[in-house]
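Counting from 1, position 114 in the sequence shown corresponds to residue 898 in this note's numbering; the numbering is continuous, with no gaps.
Please note that the accuracy of each hint is not assured.
Pairwise CB distance ranges, derived in the manner of DEER restraints [to be verified]:
(1) Ala997 x Phe952: 16 to 24 Å
(2) Gly1016 x Phe952: 34 to 42 Å
(3) Gly817 x Val920: 19 to 27 Å
(4) Arg911 x Asp865: 13 to 21 Å
(5) Asp789 x Ala916: 34 to 42 Å
(6) Leu933 x Glu966: 13 to 21 Å
(7) Ala997 x Arg828: 38 to 46 Å
(8) Asp865 x Glu827: 35 to 43 Å
Note that these hints are calculated values from the structure, not bench results.
Glycine included, C-beta positions come from ideal geometry on N, C-alpha and C.
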Amino acid sequence: MPTTDVGATRVNWRRGGAGDSVVLLHGLGGDIGFWDAELPALERDFDVIALDLRGSGATPSSAGGHEISDLADDVVAVLDDAGVARAHVVGFSMGGLVAQALALRHPGRLNRLVLASTYATMGHQARLFLDAVLDVYENGATATQMFELICPWLFSPAFVQDPANRAFFELPEGAADDQSMEDWRALYRAQRNFDVTEELSRISAPTLVVSGARDALVPAADALALRDGIAGARLEVFAESGHLVNVEDPARFIGSIRDFLRA
785 MPTTDVGATR VNWRRGGAGD SVVLLHGLGG DIGFWDAELP ALERDFDVIA
835 LDLRGSGATP SSAGGHEISD LADDVVAVLD DAGVARAHVV GFSMGGLVAQ
885 ALALRHPGRL NRLVLASTYA TMGHQARLFL DAVLDVYENG ATATQMFELI
935 CPWLFSPAFV QDPANRAFFE LPEGAADDQS MEDWRALYRA QRNFDVTEEL
985 SRISAPTLVV SGARDALVPA ADALALRDGI AGARLEVFAE SGHLVNVEDP
1035 ARFIGSIRDF LRA
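Can you build the whole structure from these sequences, using the hints too?
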């Protein structure tokens, strides 16, 4: 995979497909692999760039900082390296924060914006969840224990209870967290510090907000705040989905993105 040097950081990214460029930005704890279901579908219509955000996947952390603005500037460096002047941007959860920062800091680089399962400022539920994750992580929890803690927060109760979805909750043998404790802390702090509530009106890119009605981390109020704060933004609610809307209803999620970006 290609890499882009940004100061002391080397950003890992991949590219495929042809057409208008689309950048995919994953959430906390994710990497390029988060988009495995979306990549082949979107690459049929678009030039798709997915990257490991700073401190995630194969992109190392940097002493230069983990603020959301730093991650947004990393994306611009990748676009420059890829020879892309403007792109659609799809941000999920933490990636949605990066997408908002990108829209505010570099508005001329965006075409359309998709904000999925994300917020303008971190709410109480997300703080509770990330505090709990950091607490068990710092106390030496195993990968299995971490997985058992996290899953109920990421999926709707119906999805968790459906035997047909059992495979989603079986941790692969030998699985481990590739993200260091230091990176978790740094990226968590970056999310806690992020607040663009008063700046949303400055986002000029046509925007689609995607929300799961059963999301325990990012409730409907956060999605409504994005819709109401960004002029002309449209909200699409997945009535039966939790935080991971792309996992619980992948066909609709991909279809919604494709239709919006083609409009």
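So which hints don't hold here, by number, going up? 4, 7 and 8
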